[in-house]
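Chains as they are written, first to last, in our numbering: chain A, 1 to 116; chain B, 1 to 116.
Hints listed in this document are in silico derivations from the structure and should not be mistaken for laboratory results.
Predicted, not measured: the structure shown is a model, and the values here were computed from it.
Fair warning: there could be bad hints in the mix.
[What the hints assert, rightly or not] Okay, derived cross-link-like pairs now, SDA-like style, lysine to any residue, Cα gap no bigger than 25 Å in a straight line: (1) K49/B - G28/A; (2) K49/B - S95/A; (3) K30/A - L48/B; (4) K58/B - S95/A; (5) K49/B - T104/A; (6) K108/B - A87/A; (7) K108/B - T114/A; (8) K108/B - N59/A; (9) K49/B - G3/A; (10) K108/B - Y106/A; (11) K108/B - L82/A; (12) K58/B - Y106/A; (13) K49/B - I26/A; (14) K108/B - T9/A; (15) K108/B - F64/A; (16) K49/B - Y106/A.
Residue strings, one per chain:
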Amino acid sequence: DAGVTQSPTHLIKTRGQHVTLRCSPISGHKSVSWYQQVLGQGPQFIFQYYEKEERGRGNFPDRFSARQFPNYSSELNVNALLLGDSALYLCASSSGLVAAYTDTQYFGPGTRLTVL
Amino acid sequence: AQSVTQLGSHVSVSEGALVLLRCNYSSSVPPYLFWYVQYPNQGLQLLLKYTSAATLVKGINGFEAEFKKSETSFHLTKPSAHMSDAAEYFCAVSARSGGSNYKLTFGKGTLLTVNP
Numbered sequence: 001d002a003g004v005t006q007s008p009t010h011l012i013k014t015r016g017q018h019v020t021l022r023c024s025p026i027s028g029h030k031s032v033s034w035y036q037q038v039l040g041q042g043p044q045f046i047f048q049y050y051e052k053e054e055r056g057r058g059n060f061p062d063r064f065s066a067r068q069f070p071n072y073s074s075e076l077n078v079n080a081l082l083l084g085d086s087a088l089y090l091c092a093s094s095s096g097l098v099a100a101y102t103d104t105q106y107f108g109p110g111t112r113l114t115v116l
Numbered sequence: 001a002q003s004v005t006q007l008g009s010h011v012s013v014s015e016g017a018l019v020l021l022r023c024n025y026s027s028s029v030p031p032y033l034f035w036y037v038q039y040p041n042q043g044l045q046l047l048l049k050y051t052s053a054a055t056l057v058k059g060i061n062g063f064e065a066e067f068k069k070s071e072t073s074f075h076l077t078k079p080s081a082h083m084s085d086a087a088e089y090f091c092a093v094s095a096r097s098g099g100s101n102y103k104l105t106f107g108k109g110t111l112l113t114v115n116p
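Produce the complete structure using the sequences and hints provided.
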């Protein structure tokens, strides 16, 4: 079975631009979460979606937004890019069918975003 | 609020030696704890998780972790290191992100180096 897939794998943008990152969850998984991992740090939670609804939001500015589609894939959008947005963006999917706090999240390989 | 502290940003061991990666947590409710591994230029892979069923948790690749409530610790061990274990390891706690939804809160990671 295919795991979580993300596109693109690498991306270079300049300050002020907009970026869209895409994620396809494991087949049958209904929950998608997004994380930002800055070099040398652990991943930081950005959003969680379940059945196309936002279920959680981390401490990120409104420049960050996301959505989940009927096929459970997801997009993360970042507007007005700053140098500090350079990071690895990870998508994780989970079944959403068990108690949320024990639900194992399966991570994709990430999208490496560089902002110049 | 929940948090995780990983003691030691870098651990170096010889091949065949014991691996010990330290993780302490802070939680106002019974925690659910996870260890993930990240190989270079890859996403995160679940090693093991603690969900209160047993205090000693066995994971993949010969790793195990013991939950010690009195010490608020969840240290990761492996009796004999292999070269292929070289990677970054993250401890995480499942934390409420709003309503009944949960997010993973990660530590800053420990880079494991295995010397021949």
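Structure-inconsistent hints, enumerated in ascending order: none
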